[in-house]
Amino acid sequence: MDIELITNILFATIRTGTPLLLIALGEMVCEKSGVLNLGQEGMVLMGAVVGFMASVITGNLGMGIIAAVLAGALMSLLFGFLAISLVANQVATGLALTIFGTGLSAFLGASYVGVGIEGITAWHLPLVSEIPVIGKIFFSHDPLVYLSWVLFGLVYWCFKRTRLGLTIRSVGENPEAANAIGLSVLQIRYLAVMFGGAMAGLAGGYLSLAYTPLWTEGMSAGRGWIALALVVFASWKAERIMLGAYLFGAASIMHLVLQGLGFEASPNLLAMLPYGATIIVLMVLANDAIKAKLSTPLALGQPYRPQL
Amino acid sequence: MKSLSKILATAALVGSTSLAQAEDPLKIGFVYVGPTGDAGWTYAHDEGRKYVEAQLGDKVETTYVESVPEGADGERVIRQLASKGNDLIFTTSFGYMNPTLKVAKKFKKVKFEHASGYKRDKNMGTYFTRAYQGRYLTGLIAGKMTKSNVLGYVASFPIPEVIRGINAFTKGAKEVNPDVQVKVVWASTWYDPAKEREAAETLILQGADVLTQHTDSAAVIQAAEARGKYALGYHSDMSVYGAKAHLTATVHNWGPLYLKKAQAVLDGTWASEDLWPGIADGTTDLAPLNDAIPADVKALVEEKKAALKAGTMRVFDGPVVNQAGEEVIPAGGTMDDGALLGFDFYVDGVEGKLPQS
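Chains as they are written, first to last, in this note's numbering: chain A, 1 to 308; chain B, 1 to 357.
Zero decoy hints are in this set.
For lysine-lysine, the following DSSO-like pairs were computed, each having C-alpha atoms within a straight-line distance of at most 27 Å:
1) B:K147 <-> A:K136
2) B:K106 <-> B:K27
3) B:K244 <-> A:K136
4) B:K119 <-> B:K84
5) B:K109 <-> B:K122
I should point out that these hints are in silico values taken from the structure, not numbers from a laboratory.
All chains, full assembly: derive it from the sequences and hints.
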């Protein structure tokens, strides 16, 4: 393998991992607050279709991204109303949200199938993109990739260093205690759920406006589900989510590159690579079973009824 | 998923019954494996359904159920369509073969048409399209347009239908450019735009400058457009996704076939048969050719297309040579339909080993 090929593989790895990183970061925050939202796939698709429609209508990609984020957040608000306010079963509500989002996005986007747009183009950062190899791998992406790094930094910092992070965690670990010290459990959960929705919407916008600037039904192709698994295997740690997302991206790319290099293996086996590699690496990292258990938000999936 | 498709099925059936008209129109049902908005396989079938409606007006009444899983769910939907009084039912995916046959045995008066299968009955016919003829023509264009002599093919799964397409494309390219080689990357999916795009990028990285795909989205066209390469679409005209890159596309045109079958039922002349139409009947065709294609290449494509239409030549006329250089079909011979339907080897010019599915 020559250096150009490796550079290109790493470049593509980041591109492939970005939607997973965005979705999984959002879901992690949501789960940290004790809410399990299985509606990722539906929210991603809604973000993708609404973002695409807004871009076509306004002719402005920035508006498209904003619309995608809002669409994801609105979808999660619907989930929040059912699962937080009405105390509905979170698993069932999340699954319903995925089915609803898949269907609604197909309905909304029906007349946008086959419409072409000029997608979001790469933004070569000044100076740093000139650095050989590194510049190409890290600093020649579209703006949403850089945004995903900023968001990663914020989430990481939030849970490492800030009161806000602690607040979200306490609500997810022990809502009764959090309530007792005067935190509004419901309000915090709503905000965490909406952050998750906004991130899923952003990932949808990334797919339909930057990665493959087009709209077709079900274009997220299961990424929402992979991101959900990623959160668990990364044991709710932002840095492991990033590692897992890029590992998955790298293995997905290798599935294709190895074939091109004439590597003789069943493509079906190679197609399993991303799933297998990601699970194994993250499991090794979290090999201490008790530690992994400890990092699961204790109140995850449990609805909270405020004591009146 | 089960309950979802049930809702969809019920909704579609309710929709059709409420439209019932005074005179007795011929009721035609369609079962689709994907959504009508996939811009690919199912979209093409639905265009065919619309064509029948446009041509026959209120003499027919059509219903469709989309995103129907193959297997048990498929059988239930087909049975439902049959019991709701549809006279003719098209089931448009390979996996509906056994379910269709099962229902056909129960509903003797209903006519069934199954796409891409091989099982027939008195009231069940089969049909497919010779898309590989279009592939061959696009291969001619690719062979002429490439500068690197490397062509890239994003494929889904190694089944005869896909292998036939790869071989037809390669045969066309080789005919006009003996130095050409076709690189295949198996995406192991029919539909994942992001993955299809990465597969295309991989091929471009390995020197391919003309791409085509046997997957369902237009992502490969977009990748080619972004990298200043050429691409050949599949299923439908995908030029909107890359005006410069899109040279042409192999398109399906089911309308005339569906019209013929509907008319036959109306006339009482319908009979169970195995139809495999292609270029000659317009079921397979090419999208408009890009102006980047030189006039002499355009003329060559038209000439070969006319020959395929007239039946004076076939795509897999001998010599058909496999990768080992052995003549599978000697000069003067031609591959019969049975061999075409069971294609399990690459022809000379394809790179790499054919994976066993």
